[in-house]
Amino acid sequence: MLPRGSARSLLAGAAIALLSLAAAPAAAEQLARLNVSSFTMQADTAQPRLEVPFHIIYSIHVAQRVVALQNMILPPFGPLEIQGDEQHITSGTDGTDYRESLTVVSHQTGHISIPAAWMDAIDARDGKPKKFLATTPAGKDTLELDVSGGSLEPISIDGGAALVRMVLRTLSFVGGLCVIALLAVFVVARRRPHVERPPQAQGPVEVLSEPHPPPELTLISILANLRSEPTRAGSLAARARVWDSIGAPDGATLDDVLERPAAQEPRLRAVLRAAERAAFTHDADLSTAIATLIAALEAYVA
Amino acid sequence: MNAHPRALIEALERTIVGQRDVVRALVLAAIADGHLLLEGPPGLAKTLACRALAAALDGEFKRVQFTPDLLPSDIVGTRVFDQRDGAFATVLGPVFANVVLADEINRAPAKVQSALLEAMQERQVTIGPQTHALPDPFLVMATMNPLDADGTYALPLAQMDRFLLKVAVDYPSREEEAEILQRFAIRDTQPLRGVATLDDVRTWRAAARAIHLDEQLKRYVVDIVLATRHAKGDARPYVDRGASPRATLAIVNLARARALLDDRDFVLPDDVRAVAPDALRHRIGFSYRLQTDRVDPESIVCAFVASVPAP
Chain A
43 MLPRGSARSL
53 LAGAAIALLS
63 LAAAPAAAEQ
73 LARLNVSSFT
83 MQADTAQPRL
93 EVPFHIIYSI
103 HVAQRVVALQ
113 NMILPPFGPL
123 EIQGDEQHIT
133 SGTDGTDYRE
143 SLTVVSHQTG
153 HISIPAAWMD
163 AIDARDGKPK
173 KFLATTPAGK
183 DTLELDVSGG
193 SLEPISIDGG
203 AALVRMVLRT
213 LSFVGGLCVI
223 ALLAVFVVAR
233 RRPHVERPPQ
243 AQGPVEVLSE
253 PHPPPELTLI
263 SILANLRSEP
273 TRAGSLAARA
283 RVWDSIGAPD
293 GATLDDVLER
303 PAAQEPRLRA
313 VLRAAERAAF
323 THDADLSTAI
333 ATLIAALEAY
343 VA
Chain B
177 MNAHPRALIE
187 ALERTIVGQR
197 DVVRALVLAA
207 IADGHLLLEG
217 PPGLAKTLAC
227 RALAAALDGE
237 FKRVQFTPDL
247 LPSDIVGTRV
257 FDQRDGAFAT
267 VLGPVFANVV
277 LADEINRAPA
287 KVQSALLEAM
297 QERQVTIGPQ
307 THALPDPFLV
317 MATMNPLDAD
327 GTYALPLAQM
337 DRFLLKVAVD
347 YPSREEEAEI
357 LQRFAIRDTQ
367 PLRGVATLDD
377 VRTWRAAARA
387 IHLDEQLKRY
397 VVDIVLATRH
407 AKGDARPYVD
417 RGASPRATLA
427 IVNLARARAL
437 LDDRDFVLPD
447 DVRAVAPDAL
457 RHRIGFSYRL
467 QTDRVDPESI
477 VCAFVASVPA
487 P
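Protein chains in written order, with this note's numbering: chain A, 43 to 344; chain B, 177 to 487.
With the rest of the complex left out, here is chain B:
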């Protein structure tokens, strides 16, 4: 019998205090077969969440700290000359894992980012003459620190588009902070292992793809994405480019994943409205005026979603 994806959420929540949005986003990304971008200050259990997910799925976890001197081969792997055999041998990089944490992805230059993002998109890597398929499931969780922008390489919109969803990670509440102290001061909490299997994830993905999406909801999703491309009113000066068709697909996939989590085989308008901000916030090209006028981009994204009446 397959495990239920909610069991995965419960297992992650037993390891991670608070950060419910991150936990839920990780599981939604796993079900919807996409990658996750997290933006938040350091020390907010991003690595732990990723490690806990890999452990709960009995999958392989790799972490890459992105730095300015990182090379593409440090990510995908390289060929080295073996003097004993007198031939080249392929050494696979850390991208060959089920759950990969790309920590501070914006600290590495564009060519390294491209190498990872290409692997994310193609699900395969070519090293020398050989093409290697990445493991399945393959989930990349990339983090960006919004505080230290010096010496970073901002991800272009086209590359941000490769992430299924983006979640803003915030500091825990007072109660959660106390709970963290309680839980981690006594012992080092080990993530729960074997809550579900990699096969379970593949089953969930197949089940999510079969979830019914009504025609009205398809129009609703399209209208939301179109609203970002034809910004009106006060939002107009703050938006340079709207979301791409990938956003439409992302909203649908995430809405189906949310319906699966809720034991439904059909999507509701609430599913679409709940996941749309996560799928849109990194796909909208905001203008410089957003910063000069100190406008919160989240309010613009929320306004886009709210501007389209649900069916």
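Chain A extracted, bound-state conformation:
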């Protein structure tokens, strides 16, 4: 027989996964324009006890007065079983406060890491779609919990037959969940065809990646090519290679590129600005723009 909590945890996890699947495509088309002032997650205890319910609380404050906050996605809660979910929303002159309190219980001891919940919205400050991540009061993007107070509930195994029964039940249960999940995905996909997510939405996610400045050899090669072909085509090719070298996706603009962690070095930013100018300036300014780009590349390589 399965541990009591495991089955419920699996069900809860599958339900959250299904909710996430259903919510993700909707986020692309129904993003609200919000000033998200704060988005926090915390547990009412850092050291919950085994089989003792506790609360995980998400709080959001937005500057706008809204009746509901959509596109908030909860993370998988791992071994925690969700026993209740309360949501409160209050609006006032200073905006809207949203509070979601999940009652959870752990059926096993040890360390648990819960990833951040997130909310897709258009950032009213700059008009760009963003993924707002919940953080703990300490500013971390995972909620760390240490469950104490006992050991795992022992699995009662009554000989080989019981073990076989348990394995078969588990397999049929997991199989059933997979069928339900596939059906749900099929229905959602039919009802809500995928809308291309605006590329700006990738910005905040990319910021989390490790910065990697362009390899020096690449820039030396770009510099050599530009010197041999100081034309519009040459500067366009140089711009494309500089963009590639810091991992900018196709269709990224200068503002997108300057936001990337790999582009924070001042001399590299000068290269990026000079490359943009050389690509789009008028013909009378082209030779000066290319000379500026060459000088910026030289300064960076040096």
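Source of the hints: derived by calculation from the structure; they are not laboratory data. What you were told as hints is all true, and nothing was included just to trick you.
Here are the computed lysine-lysine pairs in the BS3-like style, where the Cα-Cα straight-line distance is at most 25 Å:
1. Lys287(B) to Lys342(B)
2. Lys408(B) to Lys342(B)
3. Lys408(B) to Lys170(A)
4. Lys394(B) to Lys170(A)
5. Lys394(B) to Lys342(B)
6. Lys170(A) to Lys342(B)
7. Lys173(A) to Lys408(B)
8. Lys394(B) to Lys408(B)
9. Lys182(A) to Lys170(A)
10. Lys238(B) to Lys342(B)
11. Lys238(B) to Lys287(B)
Note that the structure is predicted; figures quoted are calculated from it, not measured.
Based on these hints, arrange chain B on the given structure of chain A.
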């Protein structure tokens, strides 16, 4: 020496707390020689912004509150019989000003809206047998209140198209609200006067028109506008009509104005991407499903712009 358009922005920001989008849109509209449509609740400094712009330019400001009983002659002017002279005299309407605020434009019936919008397009008004040119520069800022829709006359898409850009005005943040209290509770802030001249605006317009737009960017602008006409995916059921060629011109003019503000004599892809939503949001004909499905039109507009990769 001409004033820089950024000086105008700084002057407006010293008068108006927050509302940076509105301030910037006003200056962009002035540089790009277009008109501005603002949608937002009352009390968000729309009138003050308009008055401040006129004052900063040393221009004439007129405000017209649109009501259901307004007549076209209340806007453009009329001819009255002068008994002393025994002849008709022309009385020019409030549209004859450099900056005109058409407050709650959707509260007046279609014929009044048409009178104003025709003046906006033609830059001249015919009263009786005489045609009068409107002042130059001539900037109309029209407002619409999205909250009280009862008894309003929605502007047809063809008339909305006359506005160069549309900006959604939102409530100020907590800090801005406190700053408003601080600034206006003590004294009535007077707009700064004479920051630039009407001649400066004409110079900016000429300079903006000369700003270089690369062929790749022309294709980029066209692709964005075409994307609104051939909506794909989830956006499709929500869009009845895409943007008109006026949108293409509007994006280009606004992108050039933005480049001028940034002291560049060439347009960048960022300019196009930044101004495109302002030029498109009032030119797309959304279907009834947008409201029934409670979809934010702004997300559709953003998705159109984002669906076209920048060069």
